Amino acid sequence: MTTRLVQISMNARDDSAVGRFWAEVLGWGIDSEGPGVTNLEPVGFVYPDPVAVCIDVVRATDPKTVKNRLHIDLATTSAAHQAELVARLKALGATPADVGQGDVPWTVLADPEGNEFCVLEPRERYLDTGPMAAVVVDCADPRAMAGFWGEAMDWTVHEVTDDQAVLRSARSVGPYLEFIRTPDEKTVKNRLHLDLRPYPGGDRVEEAARLRALGATPADVGQGDVPWTVLADPEGNEFCVLAPR
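Using this note's numbering, the letters of the sequence shown correspond one by one to residues 67 to 311.
Don't take every hint at face value.
[Unchecked claim] Keeping only pairs whose Cα atoms sit at most 30 Å apart, straight-line, the calculated DSS-like set for lysine-lysine is: (1) K130 x K156; (2) K156 x K133; (3) K133 x K252; (4) K156 x K252; (5) K255 x K156; (6) K252 x K130; (7) K255 x K133; (8) K130 x K255.
[Stated by the list, open to error] Beta-carbon label-pair distances, calculated as ranges: (9) G290 x H147: 40 to 48 Å; (10) T127 x W294: 31 to 39 Å; (11) D207 x G102: 47 to 55 Å; (12) S82 x T143: 40 to 48 Å; (13) D291 x A145: 48 to 56 Å; (14) R209 x P101: 37 to 45 Å.
It is worth saying that the hints were derived from the structure and are not from the lab. Since the model is a prediction, treat every value here as computed from it, not as a measurement. Ideal Cβ positions, reconstructed from N, Cα and C, are used throughout, including at glycine.
Build the full structure now, drawing on both the sequences and the hints.
Pasting the structure below:
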């Protein structure tokens, strides 16, 4: 058995406000599975499906203190579309962000709680991804991350270099998962993390054991007694293994 990437979990002090922002950004619908959780997915979407990596915005009291190690890249289809999208997002409450990017053809913004994201210039790779082009993770060793995540999930490794690793769903649909080499070290719990699910017929406990054998380690983020398993990848990035669905 194996797992699949189903969603991003995003901490926010005001999950409703951040959820509304990202729903407007992506053109998605909003739901809530309970107090303190705002669920985002495309309108008419049947969960889970690799055509989209959904977002769960989860209320958290701790403030953001450092640049996130995981962020979202948005796709555009033309220079005009990029400019229009940037202007629309600023009107929604996004602000310019400086993460040391220098003079680049993409625009770095932050959502109302400071979570960085990028509005990319048009790129052929992302023409069929939908509004979310990629989920991007900072790392020290893209080759090692490709090795771990390529075995952890059923996603296909498309590219591996010393500077980046690129994966996409086995069906070649939806956003990419990219690991980008960066000198920054992880110092605090990530405010955004990946959530995985085994396929129907799989077993969460067995999958968690398999992932630990691949190099994952147990992680305690104050979750207490919950029906999911919290692990960290070989570079300490927390992720959750949910129940099969």
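*Holds or violated: K156 to K252, with C-alpha atoms at most 30 Å apart*: With a Cα-Cα distance of about 29 Å, the restraint between K156 and K252 holds, given a limit of 30 Å.
*Quick one, are K255 and K133 close enough, alpha carbons at most 30 Å?*
Roughly 11 Å between the alpha carbons, so the hint for K255 and K133 holds.
*Are the Cα atoms of K255 and K156 separated by 30 Å or less?*
The given pair, whose Cα atoms are some 28 Å apart, holds under the 30 Å limit.
*For the pair G290 and H147, does the Cβ-Cβ distance stay inside 40 to 48 Å?*
At 44 Å between Cβs, range holds.
*asked:* Against the range 31 to 39 Å, how does the distance between the Cβ atoms of T127 and W294 compare: consistent or not?
replied: 20 Å, violated
*Given the hint that K133 pairs with K252, does the C-alpha gap stay at or below 30 Å?*
10 Å, holds
*Keeping to a limit of 30 Å between CA atoms, is the pair of K130 and K255 held or broken?*
Holds - the C-alpha atoms of K255 and K130 are around 10 Å apart, at most 30 Å.
*Evaluate the given range 47 to 55 Å for the C-beta pair formed by D207 and G102.*
Violated: the Cβ-Cβ distance is about 35 Å, outside 47 to 55 Å.
_Hinted pair K156 and K133, Cα distance within 30 Å_ = Given that 30 Å is the threshold and the Cα spacing comes to 19 Å, the pair holds.
_Verify the CB-CB distance for S82 and T143 against the hinted window 40 to 48 Å._
Distance hint for S82, T143 is violated at roughly 30 Å.
*Can the restraint linking K130 and K156 be considered satisfied, given a maximum Cα separation of 30 Å?*
Roughly 20 Å separates the two Cα atoms, so the pair holds.
_Is 37 to 45 Å respected by the C-beta to C-beta distance linking R209 and P101?_
For P101 against R209, whose Cβ atoms are near 42 Å apart, the range 37 to 45 Å holds.
The earlier numbered hints that this structure contradicts are 10, 11 and 12.
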